[in-house]
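Novice: Chains as they are written, first to last, in full-length UniProt numbering: chain A, 1 to 147; chain B, 1 to 147; chain C, 1 to 147; chain D, 1 to 147.
Hints listed in this document are in silico derivations from the structure and should not be mistaken for laboratory results. Hints may contain errors.
Pairs count within a copy or across copies, as identical chains cannot be separated in the list.
Think about it this way: if two alpha-carbon atoms lie no more than 16 Å apart in a straight line, the pair counts; the simulated EDC-like pairs of lysine to aspartate or glutamate are [claimed, not checked]:
#1 K7 <-> E32
#2 K106 <-> D12
#3 K101 <-> E23
#4 K7 <-> E121
#5 K22 <-> E32
#6 K91 <-> E121
#7 K91 <-> D29
#8 K106 <-> E43
#9 K125 <-> D29
#10 K106 <-> E32
#11 K125 <-> E32
#12 K7 <-> E43
4 protein chains.
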Amino acid sequence: MSLAMSKEELADYLAAVFPQVKEDFAIDDLTEDTITMRLLTAERHLRPGGTVSGPSMFALADVCVYAMVLARLGPMALAVTTNCSMDFMRKPEGGAQMVAKCRLLKLGRSLAVGDILMFSEGSSKPVARATMTYSIPPIGSAAASAG
Amino acid sequence: MSLAMSKEELADYLAAVFPQVKEDFAIDDLTEDTITMRLLTAERHLRPGGTVSGPSMFALADVCVYAMVLARLGPMALAVTTNCSMDFMRKPEGGAQMVAKCRLLKLGRSLAVGDILMFSEGSSKPVARATMTYSIPPIGSAAASAG
Amino acid sequence: MSLAMSKEELADYLAAVFPQVKEDFAIDDLTEDTITMRLLTAERHLRPGGTVSGPSMFALADVCVYAMVLARLGPMALAVTTNCSMDFMRKPEGGAQMVAKCRLLKLGRSLAVGDILMFSEGSSKPVARATMTYSIPPIGSAAASAG
Amino acid sequence: MSLAMSKEELADYLAAVFPQVKEDFAIDDLTEDTITMRLLTAERHLRPGGTVSGPSMFALADVCVYAMVLARLGPMALAVTTNCSMDFMRKPEGGAQMVAKCRLLKLGRSLAVGDILMFSEGSSKPVARATMTYSIPPIGSAAASAG
């Protein structure tokens, strides 16, 4: 269990392959089995009333597990989301950034599972919970949509 | 079991309260317990490679159940997403619009549940499956984030 | 798309490899992408009050997708549950058998997904909804717990 | 945030209202927002090969959140499972008891959410992950199947 990419290498790689990541998300912290990322909240992420939208929270959870898998397997890795479950538990606080704490629960040969708690920055009560499963096609496989 | 709003009334109401709905989604069909909606695919909904992104599919599933609840309960209704599960099963076809067929499985006093199958238009194989639960606060309740 | 086993072959095979299936479940109907099974309700499946328990409904949903995968791939197939989502929507009717209608949504090289609606026999309102994902290790693979 | 019942009161109450709990489950530890319970593994919980079955893991996750809600709200509380998501990540170790660590993520007026990690005793790698949502009908409400 060791990291294939540092936090800086991971951020650079994500910005290169997913340009939208650079504008929407930042990596706060990376360890061998956890990553903390934040949504760089902009108008397009908000619902009327100023709270972060569900799709933006989905995107934040999704990018956490994707980034965690890359950090462990390196930039050659392909991985596609196959399953997601989310619970929306509290209204996000208006004006606060959304911070996601992700744990990698499994990194197998073909499946990775991570779970995520999301908080309005400065609050200890979770706004949402998510679990994401990624399918990891064999390296060299043509198909990124394995499974 | 009858509709509180017609398809046209529902579309007008959604456009008024969620301006982004007008640009992103259209209602194809509405019955007492089903709704068919489509994503009006634009550049911002796509991943590199031209396929529809996960967050865009989440948003499509979410708006279906929200619209279905409104259609049944009328525009006074408040409803907030509390749970979501999704399975991403096939790569969307590039260039095709995404169509979601939603069934309302339950409309109780405090919870509504709908499930959704999503297809690339013209294909019969589902790209994704979703279930969304909405919490319905009592009418007149101050809190839109009940539960 | 064709069946590798008939309904009778499937029932015999399940009874041989999972003795508890014989006592707990019966196959009502099998097509190329659907299966209908029922819980042969006994005292051990009930909660106080006489309604079918959650674990019994989980077991019914799980066996449906397992049986469907076997019916398509044949008795050599290994398959292990990797993910489940369930929504419990109505109280089961006391004294009625529980019937599950399952559709196979995907049968890929390494993942299968089925969804299930469960009804108290004689009622058209779903008691519960479930989705089950199975991981299918390559035939000949030593590990039944792939992924 | 304080407990309405001690660990001993909770165990006695569960044994009285759910006789099967007494034989199947034990409470290891209880705090204001966590509970640790174990499956008292017997032949009926096992699959061929000696590993704990999926329905038994579902039952363990379910009883954890139910017990946690009771511990906080007291024995008058009614609560019914409305949603579950589970990920099965590793094969349980044969012969080892299954231990579940549950955190209460939300205890609202009408919904409670808990998540659970399950381990084969003595191992630090999670066998399964679950989230359970309970609906809590108003005290005095006739209907235990609210929502």
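Novice: Each hint needs a verdict: does it hold in this structure or not?
Specialist: To see whether the hints hold, each was checked on the structure:
1. K7 <-> E32: Classified as within; 11 Å inside a copy, 36 Å across copies.
2. K106 <-> D12: neither (25 Å within a copy, 36 Å between copies)
3. K101 <-> E23: neither (19 Å within a copy, 32 Å between copies)
4. K7 <-> E121: neither (21 Å within a copy, 34 Å between copies)
5. K22 <-> E32: neither (22 Å within a copy, 40 Å between copies)
6. K91 <-> E121: within (13 Å within a copy, 35 Å between copies)
7. K91 <-> D29: neither (25 Å within a copy, 31 Å between copies)
8. K106 <-> E43: neither (35 Å within a copy, 28 Å between copies)
9. K125 <-> D29: Neither: 20 Å inside a chain and 22 Å across chains, both beyond 16 Å.
10. K106 <-> E32: Answer is within: at 12 Å inside a copy they meet the 16 Å cutoff, but 28 Å across does not.
11. K125 <-> E32: Classified as between; 14 Å across copies, 25 Å inside a copy.
12. K7 <-> E43: neither (27 Å within a copy, 29 Å between copies)
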